[in-house]
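Quick note, the sequences are listed as chains C, B, G, U, S and D, same order.
Residue numbers are given in my numbering: position 143 of the first sequence equals residue 143, and the series is strictly consecutive.
Residue numbers are given in my numbering: position 156 of the second sequence equals residue 1156, and the series is strictly consecutive.
Residue numbers are given in my numbering: position 178 of the third sequence equals residue 2178, and the series is strictly consecutive.
Residue numbers are given in my numbering: position 138 of the fourth sequence equals residue 3138, and the series is strictly consecutive.
Residue numbers are given in my numbering: position 45 of the fifth sequence equals residue 4045, and the series is strictly consecutive.
Residue numbers are given in my numbering: position 188 of the sixth sequence equals residue 5188, and the series is strictly consecutive.
Derived by calculation from the structure, the hints in this document are not laboratory data.
Treat the hints loosely; a few may be bogus.
Derived Cβ-Cβ restraints for the label pairs, each shown as a range [as the list claims (entries may be wrong)]:
1. Y2233(G) x E240(C): 57 to 63 Å
2. N5288(D) x A1172(B): 52 to 58 Å
3. D4165(S) x K3276(U): 16 to 22 Å
Heads up, simulated BS3-like pairs for lysine-lysine below, C-alpha to C-alpha not over 30 Å straight-line [unchecked claim]:
4. K1015(B) x K2257(G)
5. K1015(B) x K2276(G)
6. K2276(G) x K1268(B)
7. K5025(D) x K4025(S)
From a predicted model like this one, the values you see are computed outputs, not experimental measurements.
All C-beta atoms, glycine included, are put in the ideal place defined by N, C-alpha and C.
6 protein chains.
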Amino acid sequence: METPENRDIVVAALKHAAPYIRMFKHKTFVLKAGGEIFANKESTRDFLEQISILHELGIRIVLVHGGGTQSTELATSLGMETTFVEGRRVTDAQSLEVATMVLNGQINTRILAACRDIEIPAVGISGVDAGLIRAIRRPPVDIEGHEAGQVDYGFVGDIESVEADVLRTQIASGLVPVISPLSADESGTVLNINADTVAAALAAALDAEKLILVTGAPGVLEDRSDPESLVSYIDLAGLERLHKAGSLAEGMLPKAKAIEAAIRGGVKRVHVISCKLADSLLLEVFTNEGTGTLVVENIDTLSPAEQAPGTAT
Amino acid sequence: METPENRDIVVAALKHAAPYIRMFKHKTFVLKAGGEIFANKESTRDFLEQISILHELGIRIVLVHGGGTQSTELATSLGMETTFVEGRRVTDAQSLEVATMVLNGQINTRILAACRDIEIPAVGISGVDAGLIRAIRRPPVDIEGHEAGQVDYGFVGDIESVEADVLRTQIASGLVPVISPLSADESGTVLNINADTVAAALAAALDAEKLILVTGAPGVLEDRSDPESLVSYIDLAGLERLHKAGSLAEGMLPKAKAIEAAIRGGVKRVHVISCKLADSLLLEVFTNEGTGTLVVENIDTLSPAEQAPGTAT
Amino acid sequence: METPENRDIVVAALKHAAPYIRMFKHKTFVLKAGGEIFANKESTRDFLEQISILHELGIRIVLVHGGGTQSTELATSLGMETTFVEGRRVTDAQSLEVATMVLNGQINTRILAACRDIEIPAVGISGVDAGLIRAIRRPPVDIEGHEAGQVDYGFVGDIESVEADVLRTQIASGLVPVISPLSADESGTVLNINADTVAAALAAALDAEKLILVTGAPGVLEDRSDPESLVSYIDLAGLERLHKAGSLAEGMLPKAKAIEAAIRGGVKRVHVISCKLADSLLLEVFTNEGTGTLVVENIDTLSPAEQAPGTAT
Amino acid sequence: METPENRDIVVAALKHAAPYIRMFKHKTFVLKAGGEIFANKESTRDFLEQISILHELGIRIVLVHGGGTQSTELATSLGMETTFVEGRRVTDAQSLEVATMVLNGQINTRILAACRDIEIPAVGISGVDAGLIRAIRRPPVDIEGHEAGQVDYGFVGDIESVEADVLRTQIASGLVPVISPLSADESGTVLNINADTVAAALAAALDAEKLILVTGAPGVLEDRSDPESLVSYIDLAGLERLHKAGSLAEGMLPKAKAIEAAIRGGVKRVHVISCKLADSLLLEVFTNEGTGTLVVENIDTLSPAEQAPGTAT
Amino acid sequence: METPENRDIVVAALKHAAPYIRMFKHKTFVLKAGGEIFANKESTRDFLEQISILHELGIRIVLVHGGGTQSTELATSLGMETTFVEGRRVTDAQSLEVATMVLNGQINTRILAACRDIEIPAVGISGVDAGLIRAIRRPPVDIEGHEAGQVDYGFVGDIESVEADVLRTQIASGLVPVISPLSADESGTVLNINADTVAAALAAALDAEKLILVTGAPGVLEDRSDPESLVSYIDLAGLERLHKAGSLAEGMLPKAKAIEAAIRGGVKRVHVISCKLADSLLLEVFTNEGTGTLVVENIDTLSPAEQAPGTAT
Amino acid sequence: METPENRDIVVAALKHAAPYIRMFKHKTFVLKAGGEIFANKESTRDFLEQISILHELGIRIVLVHGGGTQSTELATSLGMETTFVEGRRVTDAQSLEVATMVLNGQINTRILAACRDIEIPAVGISGVDAGLIRAIRRPPVDIEGHEAGQVDYGFVGDIESVEADVLRTQIASGLVPVISPLSADESGTVLNINADTVAAALAAALDAEKLILVTGAPGVLEDRSDPESLVSYIDLAGLERLHKAGSLAEGMLPKAKAIEAAIRGGVKRVHVISCKLADSLLLEVFTNEGTGTLVVENIDTLSPAEQAPGTAT
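Isolated chain C, as found in the complex (with noise of 0.2 Å):
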């Protein structure tokens, strides 16, 4: 990159940059990447050098994985089955079993391993470590339409509290905490909670200035099978239009609740970015377009203000 045109291209780029920089300054993002991207070293290692120019720019990054390809694969290999209803895995002592393996155990692991590679000073932790979340197993319940009426999702948790100074702590230390999206309630019961839910608790918890959840669709779609159609600008009323008209796909259905709780908790923008698209995070925190979808509470109700270079992010 260093003929001399390129050299200013460095600098203009850079000053593109810089009121993005001061804007994000010492704010917190909460990422939140499926399992899917950790699956082969070259998308983990894609995505995480994103992650390290943001933390090196002084952003406080807290990314909580997913895992549920994994967990399906390696359940598989031992013979088990795995069921979904309305998009949630379904989670017996068997599979509870291998979903803690596979989430605190291989992927958590092998993000921290990759971490080290390439000098990110990540530190592992889960909901069952000391007060981090304290959650209860998730009563069985009534799923409109569903044949028998009541699902028992198992070994499911449903968030009571968020001990955020933990996290602080370590952000506060320079420190980026990977968070894998288990539990357990006060008996020691280990529970599995949803990743998109996890990460939703913990941006309201922290304060955090963005929310963004990486897929593996573009973004929110107004027709789930027609990938052109990525809506760019989008409120909650809006993302409840799309679920009345049946436009969020199972998978979409857990994460439009979690985009909701974020909101409500007062998160003010949330994103949802492809992870198959190359540098898909740095273009969305730092230019005006973005590449996915973003979300707030109420497109009509931002001031001018919010509208200045960068509010669009």
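With chain C's structure known, arrange chains B, G, U, S and D on it following the hints.
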């Protein structure tokens, strides 16, 4: 226990324990327990309740766990084979994957969950986390008497350095670190490390008062086939003598090396106790005789002052 | 105690004591002991050894001592007389001089010296020291039924306020304050204050977990002439009832007022125990039954949770 | 810049800049800029905006300004004359008065006001402020080849010591110190000091990563009459060679001494860049080639590690 | 002074001063002195030596200086004219330039240099420095009775807010801030502010014990033409009465407003003293009568306690 | 004092005192005063008021008191006898009891109470308190020329070490420690220690600026029978000369040893002044001549700088 006589016994016992309590307050004990303790809920709970009492009495506990049995089990269910040489596991890529899931995922999480139940404020961590343990992959080693002359132990790490500040901060906050014996090299390759070795390195780095190895055997045996031949008290020279006499079983060899490393690193007392004897941990700490083997650097040079009440523990 | 059976007893006793230790750790106990305990070396030592154990277990101890007996003795050797009205000493200039020497000089110093022997890190202080207790001289009081109608108690102080920060700093540094019950008014006139009153005021100001009054009697008695009529458990209404029934001996009257003041000031539990029963302090703290009288605000409103293991102590 | 291609460029540029950002984070750069930059609002603003970006990226900036041109102008309006010897101004009482007003009053204030506009949290300070710079008045010096043999530079100071704690506190609070090159001796006589000399002394005292001299020339020139003869990379021996060859113009002589003083004082890299080239500061810091002259102690002894990406900046 | 009699006088004087010293220790005094004091070295030194004594006695000093005379002088040498309306200077672009150089450059530096001589640890600062004073340019104001109806005071600022933390940090470090009465608006335009106004705003923001205005007059006069008509003691109502009676000279008008602002802002005592009377500052602080005028909110509501030794100061 | 002339005197005196105030600010003075000062309220108050002024001026005061006279008096009222050898009291069990009551009880409390009146924030402490002074009982000593050859001084202690942190914490909190010269050995036996010796040991341990011994004599006398033969200024060699010449009276012998110990321990200046001369403490500190004797290590090696204003104090 509330008959008048029993109440007097409680008081008498407290008075007996008082000098031990004073002596060990704010001191650090590094405990290493093999995976077998954590194979069922009862033995896990019995063990952690003893830790809880030590913790309440102001002793600073660091718990390192192993997981060999469980790794072998899982590997077997997945149709994999495990090789041991000189009491140390050979770790190929597949079995590293399994070990990672078992150690960082299954066992560590299980301990944290049980700690939650009995209100020990525990946090899970492994050597892969930022800065805790720096390791390099072990090069193939020459093994005298081994058929091939050399053994490549695979993804097995040798510790280069320990960054004990992470643990000191946790301990000072009243937390009990629960440590899984994995690390990674600088390029992010995960490495398996013998749990006794990890415990010894941490005990030295933390300037621990005691390293306590909780094993399947009653302690160090004069004659490995005779459980009655327990050695109560030995020093490094004595251990060397037993080694030469062939008294140290395969599983005891790496332990003997870890014991020596800890003592050379400044740890005054290393205890080997049985995980099968009820309350062995409390008995070892709070009574003069103890129940297992106590190893010191040199029995002869112990000053009389070190042989005052409690010193034999 | 080191037979195998006894060692099991030590462990059993520690397990019995563990929930109490956890419950009282870092809590503050204000103890008041009359001068008689400190009249000979053996009882002084027995008592302080119990305090040493509480201190080692992490309980924060504040010890207030009296000194009536010794003051009277010294006054007698100097040919002076002492007057009591309603269980409270009348203090003229000469007997104030004597009380000062006995309390701040003899007894306080004797306790500190004995603490040195058994390695309790104690510091002496009295209400005269900067800011600890602000008092004013008590005006002559109307005493119903008293011959003269009014009694001038002389150089006797009523507490106006307590500056507990001085003690908090000492306690937080791991010290045990040993407090002599004297103060001075703003013009520097030394004033004698009832030691029970001082202990109650300090317990309230320190938000103490317990106030423990160590007395010559076994506790509060239903019938003051019958030492077997010990009341194990009573509340403020019950105490009032006993007072009206004339069951409170002269020496017990100021104690009853102090107990009430402590409880009204927020102290949950006040204990009255005997200085003559061996180990009474440890028995009261670490067994469910205790040995003396426990006073609470209102027996009926105790929640079941407060009646869990240890609550009756 | 928000075409799709440009957004990719922004991201590519950030990735290019990332290793520089990591390398320079929390490092201190001492910048010295002559008064000519601050002679008009546009060049002031262009320069400060570059500083703002460095500051936002976590680089700690200390800015030393000169003011020769403006002093001369004001002196001229007041009908005074200015004398230079060997590139250094002679300062009589009247011209010291003028320099004080221009440096501490006009230029320093103008920079602070402009910083307010672009939100750099700047504070003005001079060596006269408590403890920053201790100086003594320079005695008349022998100048080889000078007609009178000796020159009395008047109220000109030589630095005796620097109390860098004042600056460290400001820097650690996130402030940007803007420093006027005046000081006073112990008797309170104000003294003028060459701004390059001040910058070099501060860079050494602050253990700065870089000293950057922003000048009217493009850098150090092989042939002072040929702006194309720019030397990109030189060491102290090379500088000495140029000096002997007469290549250093009068204004460059004190700079050469300051550069040497900084490097002897431990500053690794000194840069000489042009104030006339747009974005020269950012180009010098964030590209491998830079635009001006880089001076190091000894080119030959640079380790290969120091020649990794970014080292040539 | 070292005759035996004089030594007794020293001791007697110290005893006299002791209650004042106790009363004012760690309290903040904001002093405002006009530029005329700093016009020659002797009066500067006499004044600063008094400040040095206050500072050594533990009083926290903040010194605000003016500079009208010197600005006018310099403007005159440069051939410029100065206009005053209602005792306030009109500041055009050129005279702002002059005022900046005189205030931030000449006078502030001169004071700092003199402080260096008598070892007062002083630091210069102006409202332009990061965050100290936020101001906006004053819009043209209607002046009753003025010929044009409206006056545009030019680059004159009205204070919007004061960020006193900057000063508190300096004061807490034992420094004496020396403050030049300039600020800037958010766009970086430098603004001149009346020094009395600045001093009053800082005194209120710092919750100062006293604001002391050192002026050319002996204090507030009943009859502005008669220096003997000094008012020793007055309140806000009295000041208003004098204003209506036309007793306040032009230069005293902004002072009266500043005094009122300080008192409304919570400053208990404002003193107006003469810069011409030797030791007027020490006399005002350490004797009961003082030498100038003391202004309080309401004379009638002073409690007797406030009239104890020292209150009339 | 409020005539105009007197007000000028106050200011002149403050200016005279200013360099002393600056010199002694935050310095520690250890004062030792014999019990006779505290025998009546007037002399107690006169003395403490001088201390109050020093304290207000920022000097850190530690006051050690004796109590010989009062101990003898009380012993006499109790029908006991007191023996002295070489100016040091012999302390049997009974007289130790009396000394304890008088020192820790009567005198210490009396001083604290008087401090309360004049608002000195004083705290009482003795060497018995945790850690302050470690002492051992003095073995019988050979006394040249003594009839029995050996003297057993009884319960008299020799200082082994001083834990000055306790005092440093109190001093740093603005408190004035009032110290009774008792300690205890490790077994808790109370020991009497000469107050001059305690003061010297504390002065050395606290790195005090001055040790001031307030005595019944006007200072060190050339001829002990002639109060006019006061030595104003002497060094250790001179003191030794006086000792050999027999000029040191019995009571002065232990003082001479204490003075030497303090100076050998690093205290620069030891003063011996009279408790009978009004204001002797203030005169000694704030005037050049002083009133008693100043002892230094070696008069000849004082640098001229040390003889600047104030050095003779």
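Worksheet entry | Hinted pair K2276(G) and K1268(B), Cα distance within 30 Å | With Cα atoms ~43 Å apart, K2276(G) and K1268(B) exceed 30 Å; violated.
Practice prompt. With a cut-off of 30 Å on the C-alpha distance, tell me whether K5025(D) and K4025(S) pass.
Written response: Holds - the C-alpha atoms of K4025(S) and K5025(D) are around 13 Å apart, at most 30 Å.
Practice prompt. With 52 to 58 Å as the target window, see if N5288(D) and A1172(B) comply at their CB atoms.
Written response: holds (54 Å)
Worksheet item: For the pair D4165(S) and K3276(U), does the Cβ-Cβ distance stay inside 16 to 22 Å?
Response: Since the Cβ atoms of D4165(S) and K3276(U) sit about 40 Å apart, the hinted range of 16 to 22 Å is violated.
Practice prompt. With a cut-off of 30 Å on the C-alpha distance, tell me whether K1015(B) and K2257(G) pass.
Written response: With a Cα-Cα distance of about 34 Å, the restraint between K1015(B) and K2257(G) is violated, given a limit of 30 Å.
Worksheet item: Straight-line Cα separation of K1015(B) and K2276(G) no greater than 30 Å?
Response: holds (19 Å)
Worksheet item: Can the suggested window of 57 to 63 Å be confirmed for the beta-carbon pair Y2233(G) and E240(C)?
Response: holds (60 Å)
Figure legend: structure checked against the earlier numbered hints; hints not met, in rising order: 3, 4 and 6.
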